[in-house]
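Those letters in the sequence shown? Residues 2 to 189, by this note's numbering.
One or more hints might be untrue.
Quick list of in silico lysine-lysine cross-link-like pairs, DSS-like style, CA-CA up to 25 Å [claimed, not checked]:
no.	residue 1	residue 2
1	K119	K109
2	K119	K107
3	K107	K92
4	K100	K115
Here are the simulated distance ranges between beta carbons [said to hold, decoys possible]:
no.	residue 1	residue 2	range
5	M86	S64	27 to 37 Å
6	E114	L160	37 to 47 Å
7	L55	E96	51 to 61 Å
8	P28	T48	22 to 32 Å
9	L58	L36	23 to 33 Å
10	S59	V79	32 to 42 Å
Hints were generated in silico from the structure; no laboratory data involved.
A virtual CB, placed ideally from N, CA and C, is assigned to each residue, including glycine.
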Amino acid sequence: MEDVEVSDGDSPYTVEKAPLRNPDLTPLSLNVGELLSLYGWYLLFGTLLVYLLLQYLSRRRSSQRSPPPPTPQDAALVARRQEAMEAARMKMQEELDAKASIFREKQKQQEEEKRRQKIEIWDSMQQGMSYRGPATPSQPPAEASSSAAARPKPDKKPLRSADYSPLSGQEGGSCSFRPGRRGPSAGG
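Using the sequences and the accompanying hints, generate a full structural model.
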């Protein structure tokens with residue numbers, strides 16, 4: 002009440018007010034500007050986050066308030082759907098069983114083939130022959146000897162001369178190999 006002066010002028014009840022000290026709002030604008038420069042991005046993101054949160058909550062409330070009306074279902078329609086699904090399941094199960102039986106049959110055949118090959122290998126080892134890869138269709142011995150005699154082996158010339166020795170260093174071409182010395186390398 003210090004800034005109010007009561008004067009005994011024309012009217013005994015008139016109150017005169019003192020003029021405002023800061024009629025402009027520059028200090029307020031400076032404070033707001035400083036606040037925005039320090040925390041402006043935080044305020045912007047915070048208000049954006051609050052806005053999005055309010056939008057999400059309002060949508061969620063509206064969806065909870067009005068659930069979709071339940072569709073009337075005919076008992077016969079439901080029964081037909083279930084029967085159709087059961088028939089489809091049975092059909093798929095039959096197909097799967099058929100594929101499984103075919104696979105099992107193939108597995109048995111492969112096992113039998115492996116067993117037969119092992120027996121052939123064992124027999125050939127017992128007879129003193131060596132095994133050279135998968136068995137070829139066996140021919141009677143008379144036919145095998147006649148087919149071998151019918152085709153004479155062509156004369157092949159040797160790849161290297163008889164006096165070639167890879168370790169001798171002679172006749173080696175562009176690459177000459179010299180073995181290193183034996184023993185320690187630094188002497189001692």
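Results of checking the hints against the structure:
This hinted pair checks out: K119 and K109 have alpha carbons roughly 15 Å apart, not beyond 25 Å. A threshold of 25 Å between alpha carbons decides the hint, and for K119 with K107 the separation of about 18 Å falls inside it, so the pair holds. Under the criterion of a C-alpha separation no larger than 25 Å, the hint pairing K107 with K92 is consistent with the structure, at around 23 Å. In summary, the hint linking K100 to K115 is supported, as the alpha carbons are separated by about 22 Å, within the 25 Å threshold.
Our hint of 27 to 37 Å for M86 and S64 holds, since their Cβ atoms are close to 30 Å apart. Take E114 and L160: their Cβ atoms lie about 38 Å apart, and the range 37 to 47 Å holds. The beta-carbon spacing between L55 and E96, approximately 54 Å, falls within the hinted interval of 51 to 61 Å. A hinted range of 22 to 32 Å holds for the C-beta pair P28 and T48, which are about 25 Å apart.
At about 28 Å, the beta-carbon gap between L58 and L36 stays in the expected band of 23 to 33 Å. Taking the beta carbon of each, S59 and V79 are about 36 Å apart, inside 32 to 42 Å as hinted.
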